[in-house]
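> Each chain is listed here by its residues.
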Amino acid sequence: MAERKVVKRRNRHYFLWIGVFWGVLALGIGLLYFSTLKIEYVWRWYRVPQYFLYKANIEIRADIDGDVVSIKPRSSGVIVKVKGPSDSAEYTVPDQSYLRVQEGDHVFPGDIIGTYSKWKPGLLLVGLYTTLKVSIIGIIFGIFIGLVAGLARISENPAFKWWSIVYIEIIRGSPLLVQIFIWYFVLGTLINTLLAKQGLQQLPPIYYGVASLAFFAGAYVAEIVRAGIQSIHRGQMEAARSLGMTYSQAMRYVILPQAFRRILPPLAGQFISLIKDSSLLGIIAIRELTKATREIVTTSLQPFELWFICALLYLILTFGLSMLMQYLERRFIIT
Amino acid sequence: MIRVENVSKTFFVPHEVKALDDVSCSVKRGEVVVIIGPSGSGKSTLLRCLNRLEYADTGHIYIDGVDVLDPKTDINKLRAEVGMVFQSFNLFPHKTVLENITLAQLIVRKRAKKEAIEKAMFLLEKVGIPEKANVYPDQLSGGQQQRVAIARALAMDPKVMLFDEPTSALDPEMIGEVLDVMKALAQEGMTMVVVTHEMGFAREAADRVIFMDHGKIVEVGTPEHFFTNPEHERTKLFLSQIL
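As they're listed, the protein sequences go chains F and Z.
Each residue of the first sequence is one higher than the one before, starting from 1 at the first, in my numbering.
Each residue of the second sequence is one higher than the one before, starting from 1001 at the first, in my numbering.
Quick caveat, the hints were computed from the structure, so don't treat them as lab data.
Zero decoy hints are in this set.
Mimicking EDC-like on lysine to aspartate or glutamate, the simulated pairs with C-alpha atoms at most 20 Å apart in a straight line are: (1) Z:Lys-1216 with Z:Glu-1005; (2) F:Lys-81 with F:Asp-67; (3) F:Lys-161 with F:Glu-223; (4) Z:Lys-1159 with F:Glu-238; (5) Z:Lys-1095 with Z:Glu-1115; (6) Z:Lys-1159 with Z:Asp-1074; (7) Z:Lys-1095 with F:Glu-238; (8) Z:Lys-1018 with Z:Glu-1005; (9) Z:Lys-1159 with Z:Glu-1031; (10) Z:Lys-1095 with F:Glu-329; (11) Z:Lys-1077 with Z:Glu-1054; (12) Z:Lys-1072 with F:Glu-156; (13) Z:Lys-1077 with F:Glu-238; (14) Z:Lys-1216 with Z:Glu-1054.
Derived list of chain Z stretches under chain F, where covered just means 3 residues or more per stretch with a C-beta under 8 Å from a C-beta of chain F: (15) 1082-1089; (16) 1092-1104; (17) 1148-1157.
All residues carry an ideal CB built from backbone N, CA and C; glycine is no exception.
This is chain F alone, in the form it adopts within the complex:
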């Protein structure tokens, strides 16, 4: 294809307004910073990294009273054998240099046999991981629920259609926060009590959290799916049916593949909402990013830095998702 030179006529004050943009931005940040100085807030950004990764001290302690009878190096580390008058125990220390005892030493319960430090993910990373996890699972189930509800919504069967309408209206008409409470405190209590009565294990809150997000997103996805299908020209269904395809064959091979491309952009918006909505799950004791940040703020007393970081991490997740969706969109339009 021939290169075409695009000559853009710019407004006379184009660069002036670019300057204004950056100027106002800098002014806003400057004012914020200035006012924090006024209230004597001390910025301590250096305290933030430890909440991503920190070096944890790990101590291996004896839990019996006895003598160290042998220290043997193995591939997995050093095996320390302690023999007491009535019992014996083995402890594994990852490396010779971490040892704090020698052969023949007498140890009491609680004495340190070995100590070393190890990098561990901080609360922010743990929270980020949880947010990512509940969002991804919520999105997958949300797509599934939304597809089923969307197809039921346009079905001519009144049972399917009305179930779908009732579901969509209830979910869209009530606050997510209330839905999370209902999932956890009503359905959760019911299910867990019934499970306990059967002698089964109880489901942790994260199950109910994911369910509330998935059903919430599902209602919106259903409407997106419905609109997508209805945006496909009626003639497509007629052409497919006139060739002898059943309704479901026509849906599967002709309508849905076309609808899918159209619903990708609104779907992306819905999933970005879901990531942000997952911040509410902290209220049912799921330690996702927002709850993790709140916990850190109470211990570190550096709310300004941490809430900015928290927002930034959400931004990274949502931006990543929207990049992914744009990539998918391009792929599906080309093929």
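Keeping the supplied structure of chain F fixed, place chain Z upon it in accordance with the hints.
Just chain Z, lined up with the frame of chain F:
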């Protein structure tokens, strides 16, 4: 081959219209019947009732002895035997020309892939665009798209072909190529029902012409009789307006 007995159909949306009013007619095997009439006369509705894209309110329709309006009839099986070509082509835009023609062969006729592709290529040859097998419909001209749509319908080996204003959405210079394909089909002995405004085609290819107005069949006759010596005033008026 096709028998239509006292069929009526009323639409209530957007407002109450009696689209078909006690229509009866028949089409013999191998016959080419052209339906003409002013817009809103019910000719497309009649055609769409034949393969139950519209469900007629009353009356009976039989295609090859099968009762179309009987709810117990396997409508998908019947539709596979009745090819349909639409005014707006309705090709599947997400599939290539070849895939458009093979899709229903594979999932409705359950043919082997190789057989379906051979059939598709044979038909593309026949409609004169074998070189377009692997392009997408939006890369074709209107006339080419309509020829692919005809090939898609023929791939099911239908007993009857229905054409719903196949050239109305085409630029004038492309009408000829589509009509040529249809004429060739007529000469091969395909049973065809064609709703069209192309009087040239009616005159040349039709065995019989049906003129409809306000949901009723006004006049039926051979093309010669119809174009040279129409009986009804309404027919004369219509012909004088368009010829």
